[in-house]
Amino acid sequence: MSSYLIRNAQILGGAAQDIFISEGVIQEIGTDLTVEADVDIDAHGLIALPGLVDLHTHLREPGREDAETVLTGTQAAAKGGFTAVHAMANTFPVADTAGVVEQVWRLGQAAGYCDVQPIGAVTVGLEGKKLAELGAMHDSAAAVRVFSDDGKCVDDAVIMRRALEYVKAFDGVVAQHAQEPRLTEGAQMNEGQVSGELGLGGWPAVAEEAIIARDVLLAAHVGSRLHVCHVSTAGSVEIIRWAKAKGWPVTAEVTPHHLLLTDELVRSYDAVYKVNPPLRTADDVHALRMALADGTIDAVATDHAPHPMEDKECEWAAAAMGMVGLETALSVVQQAMVETGLLNWEGVADRMSHRPARIGRLSGHGRPVSVGEPANLVLFDPGYRGTVIPDSFATRSRNTPYRGLELPGRVHATFLRGVPTVLAGELVEPGELA
Amino acid sequence: MTASLDSTQPRPPHQVLDGADISRVITRIAHEIVERAKGAEDVVLLGIHTRGVHLGRRLHARLTQITGREIPLGTLDITMYRDDLRLKPARALEHTEIPSGGIDGKLVILVDDVLFSGRTIRAALDALGDIGRPRAVQLAVLVDRGHRELPIRADYVGKNLPTSLREAVQVRLSDSDGHDAVLVGDRDYAARSSQALAADPILPE
Amino acid sequence: MKRHLVSAADLSRDDALLVLDTAEELAQLSGRAVKKLPTLRGRTVVNLFFEDSTRTKTSFEVAEKRLSADVINFAAKGSSVSKGESLKDTALTLQAMGADAVVIRHHASGAPARLAQSDWLHGSVINAGDGTHEHPTQALLDAFTMRRHLNPGLGHDLAGRRVTIVGDVLHSRVARSNVLLLNTLGAEVTFVAPPTLLPIGIENWPCEVSYDLDSTLAKTDAVMMLRVQRERMNAAFFPTEREYSRRYGLNGTRMARLPEHAIVMHPGPMVRGMEITAEVADSPRCTVVEQVANGVSIRMAVLYLLLGGATLADAPRTEAPENAA
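Chains A, B and C supply the protein sequences, listed in that same order.
The numbering used here puts the first sequence at residues 1405 to 1838.
The numbering used here puts the second sequence at residues 8 to 212.
The numbering used here puts the third sequence at residues 22 to 346.
No wet-lab data here; the hints were simulated from the structure.
Heads up, the beta-carbon is just placed ideally off N, CA and C, and yes, glycines get one too.
Far from chain C, some chain A residues (derived; all Cβ distances over 10 Å):
#1 Thr-1666
#2 Arg-1765
#3 Arg-1814
Mimicking SDA-like on lysine to any residue, the simulated pairs with C-alpha atoms at most 20 Å apart in a straight line are:
#4 B/Lys-95 / C/His-143
#5 C/Lys-56 / B/Arg-89
#6 C/Lys-56 / B/Ser-107
#7 C/Lys-56 / C/Lys-78
#8 C/Lys-56 / B/Asp-111
#9 B/Lys-95 / C/Arg-24
#10 C/Lys-240 / C/Gly-181
Same shape as in the complex, but just chain A (with noise of 0.2 Å):
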């Protein structure tokens, strides 16, 4: 395993600092470190966070190698300076039992680019009716967790309070993906003034918060953790809020595209802008942006969702909903929360590293960027400014809603556990992980 000098890093932003990374650990930190190594590299510019963690990726491996593979989604994670990943459970088959889960963490262990955890359906088949074996899950290899039915509500209350209780017994959490099911019976878009033109059956801000309301009581009431798959709406954040004041164990996590992009954009009927839950109103950004700010949202997470060409070249009630995400994450939270003077880098670092490891109860990930820590790093230049350019993506799909658009900052390394997964902004080649 190489060592690496890194010169002037602005650890979270702060002043200029060497760190020296050895046999996978952050051995020192200090202004013109003396130390030999077998690379160094000019950090000069470029800010220093710990490696990020998403609680919220679609690999699509196994069922959907088209569209993604745990390889190339790991890939793409490194390449937006992610060391860890929550994998979501809707694949084909579901990712319901431990011989699933276990599959999906060795591919992950395999491809070596960023750590995979895989998160376990809490119910059959996502079907909301039966409980998953996630005593078994957790207890497999894979070590699960995490648990959400992502891409459907565990719309019954039952099943949802049953869930809750039983994930107690080892620190589980139930992520969920809320939406009341009947009010969005072919719902397209967010129900306002945009839909109501455009003719597509509205997807309303209160499908997501009733479904928030009542787990937060079902969470506060059998005393167990629940996290809030992707918030969307102002009025969500009021709920979340709500029950944090209560003291209710309860987290949440807003996409990078819930943080800039408007419901607006629909009305070029490009179905790259189609994701569940749908974009929403320039208050529901803003309302998002204040609660990742002051906390009420704890962590940003990507929602990554890739889709073939074929699944969004195509009219809109017909295409596919999701969002690439990992690649431009970082991007899309400099621009929207750092460039606005909402969050500074230490922030950054707090909502995509720490808590999100923290509520993952990832013990390897979100630590602070300090001696004796494990060399999970991202360096990020944020004052590079370029345009998207999807054909430039580590992932195997296409699906970005930003293409062609301006972004700031871009990934210039990341390392996992000391080895580096990107250097200049290239992916490592797959041979050379060590």
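For this one, chain A is given, so just place chains B and C on it according to the hints.
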């Protein structure tokens, strides 16, 4: 004419017919029609948009004076039959009005201002064919400037005006242009002079 | 005029009047022995219907044939090809066949907009109804019908005319296109419907909204009854057919409250006994049949204005000199 051909400078339009000339010409054509159409009993006048409609109306008034009868008068828009539609954006249509008696079995006299390539008249003949079956079709024009591109000739001509292809003939009628006159000038002059263009936005065919 | 007609919002006031005036001229054709013009000879128009619609398709087909276009009917409904791929592949196929215009009816809102924005085909896209979005040629023929009754004359608009549109606005592409076009033409629109059948955000639309039909009839120059599908009952948009027709249906008594000159319109197909009684549908004030006839003239006008002159496909030829005098 040779002067204009040899000239290197575009020549401003000069008048070849004034209001009194045009009035005289219309009277003469009306008399010719009555004479050749044996009292013009089954004549239907159809003016071709735009200035042919104005001329048709004048001719109609004169014929009414001469014969003491109401000669049927209509208008014809040939836009949908043009052979050069694809050369510029779709044009607004003008009103086609066929007299209530129709044209079947009648002597239809088409009225236009300038006979040039003959393409307008070709289009008008096609249009007539879709409207009915006249006994015969004749053509009355104020000016025949030559340069035919189709085997078409006029039956009644106000003035034969030999021109070069470099020249443009402009017919002005009080109904649409404020006064009556026929002018000849270089096409280039009209093209190069924005003032001239503004004054004469429509070059008759 | 823009190259495509996807939304009634694509039409400026001048564009809309040009269509109406052109249609007025073309309407004469129906009285002639030869109801045909050579104008679109050599142009290929494809009727791409992903949804059944005998009325609209027939209307377009008649219009296309009267203008001598080569007509290809491409019924995509029932094709087992996956939806998304088929739209693109169908478009590429039509492009390869040299379609100068595609008249598209699609069950998905926005499908015509998607086609128009894509580089899949170069011809004009004419929206013949997309999902619950728009149906611009229907709005044009409605405006044409209204103008003939309420403000006849070339160049006239509908300034100050009061139009009441009643029924399932939420699911109606006719209502959406009409509110846009009628505003462009200066009319005042009032929607009347049960609150369940009005879209969220309608308070920001350029129209008035009422839940009470009776109070609006006396101030109406044209009342347009929208079709209400019986299936809507199952989704609890209203309790029963009987209650709907009692509160929002147009019957003889209500028709009598309209001003003397007011007309009753319906885009068809009518559900007699639901939104309109037979007495009203068969009355001389009802313009349903007239609307159908006007539909052909309007569609001819749209086709002529989009395809009659130079189009993108002709681009290399536009350099040729004009053979003017």
